[in-house]
Amino acid sequence: MDQDTFEQLYRKYYQSLCFFARRLLNDTDVAKELVQDVFLKSWQKKEGLENDPDRVRAFLYQSVKNASLNYLRDTTRRNSLETQWASTQEEIDPDISNAIIEAEVYRDVLHAVSRLPDECRKVIELSMNGSKTSEEIAELLGISASTVRNQKRRGLQLMRQLLNFQSFLVFLSMFKQHP
Amino acid sequence: MPLFRQKQNDGVLFIRARPKKLLMMNDEHFPFHIGNLISKELAGEITEAEQAELQSWIAERTANAELFDRVKTILEEPENHPFGEFDPEEGWQDLMKRSRQRSKLRTIIVRVAVAASLLGAVVWLATLQNGNKLPQQVIANKKRGIVLTGPQGEEVVINNNADTTFRIGNGHVNVQPGLLSFGDNTKDAAIEQFTLRVPVENRYQLRLPDGSQLWLNAGSTVRFPNRFAANERRISIQGEAYLEVAQESAHPFVVETAGMNVTVLGTAFNIRVYEDVNTKKVSLLSGSVKVSTDAKQVMLKPGQEVVSAGNTLQVAVADMEATLAWKDGLFIFRSESLPSIMEDIAHWYGVNVLYQGQLPADNRLSVKTERNIPLNQLLSMLSATGSASFKVEGDKVIVLPYNGKISQ
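Sequence order for the protein chains is V and E. So the first sequence is numbered by the working numbering: it starts at 1 and just counts up by one. So the second sequence is numbered by the working numbering: it starts at 180 and just counts up by one.
From the structure, some residues in chain E lie toward chain V, with a derived Cβ separation under 7 Å:
| # | residue |
| --- | --- |
| 1 | E207 |
| 2 | I253 |
| 3 | L274 |
No farther apart than 25 Å at their CA atoms in a straight line, the calculated lysine-lysine pairs in the PhoX-like style are these:
| # | chain 1 | residue 1 | chain 2 | residue 2 |
| --- | --- | --- | --- | --- |
| 4 | E | K251 | V | K132 |
| 5 | E | K219 | V | K12 |
| 6 | E | K219 | E | K547 |
| 7 | V | K46 | E | K276 |
| 8 | V | K12 | E | K251 |
Derived list of chain E stretches under chain V, where covered just means 3 residues or more per stretch with a C-beta under 8 Å from a C-beta of chain V:
| # | stretch |
| --- | --- |
| 9 | 216-229 |
| 10 | 233-246 |
Hints were generated in silico from the structure; no laboratory data involved. Nothing here was measured: the structure is a model prediction, and the numbers come from that model. For each residue, glycine too, the CB sits at the ideal point set by N, CA and C.
Could you put the whole structure together from the sequences, leaning on the hints where they help?
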């Protein structure tokens, strides 16, 4: 795997892996740190980065899961889930499985967001990331609240279409040349 | 080629290619399968069989039903789902920094290859003399990876992931993943010229002796010294490069190309001067540059670009995002003509483009995709717009009038 491919892989999974790790750890900063570690190690040791994208994905989630469990074990924080997870590390724990499912749905949604036209994307990102109201976004972007609501509606509609094709590589549109 | 499903929707075409898979519950891929079903449900694109599968999963555990309830409203109330606060850009920069600190890989291959450098010289001369020599040049590049050539013709093949330092001529080289920094080997060493060449389907970053940064696109070459002369900084470029020039107003920075020079005083700009294309283009991101041919010269303002054909210079507003997309490994075309898209494809994949028959004249296409997409897949997608059909024969791509076939 060359660096470009690795970078694409990173950009594809960074957010959802962080989200997944945070579900397990309940700590945003530690989640980020562990995800960076997993990427760095697999890149430097060239481990788990194969050509089969499905296996790479499974490997990344598995690695983040192990890193998270190790972290919980190494720190004094004990919580009820830990013992439960420790005993089921080899099988697929339903709670961990659910955390992956949620992270993956969010990954699809974020991918759809990234493909939106710029104006829509800004509005949608602001409402998702900062939980901002249309009025707050309007003020931030210097446009009217009704424009924000329109962009948001349009963006959400487009996202539904974009979600249909999670693996699509290209978004094509055709224009007639303007006179 | 996998099967394609297309959907025409307000003039917008979506394409996908993915085989379906059936999974068992205990498979490690199972969560991904369920996640996929939920995304399909959100999109309103789920089949009856998939719906039944999803419902049985939801009914299995309370936690599953809760999860589904939580995510099913994303597209109605995105504000209740703050999951986008992890910034991949920030993360990537941080990762690169860490990787440079820790990596001790030494995987560079150094070789002094007399035979290869002779071949290179022949190919290089041929390219200079004869207008349309992209294929030959490209075949040579395809075999050789990123190559640094020293003053004696000694060649070093740079591994993109290497992390090491070495000497070449009077130059001192530090290689990190994706980046090569160049400087003097000893103080007051004689000035020598070096060449860095990037092959097709690749890009690379070079840090010049004055600290200026240069990104080279596929099939491009830069010639530069181990140390700049006292009065000015001068390099020459063939192909496409993006430069961030270090501010040194006492030492103008000059980029030479055949028939056009760019003079710089601290600035960031993109230059596109492929030898097989008649037009040259300089796009300015910040600062100011002077572009001159034998007959004319213009000063550019940030956000402007100048196109030179022959001796004329035409200034226009630049689409910087599309112009610099190559730096981020993307193709971005906004309302571009097919020939201009094909020009980029030719340079990136190292193919020769031929046209057969009459194509619609007023066709404009917009495309955004990762550059690592295989050539035939990109062509299939272009032809799916109904603009043209394509045939690939070895290193040639033949553009034909649209004949209803998605790919051949």
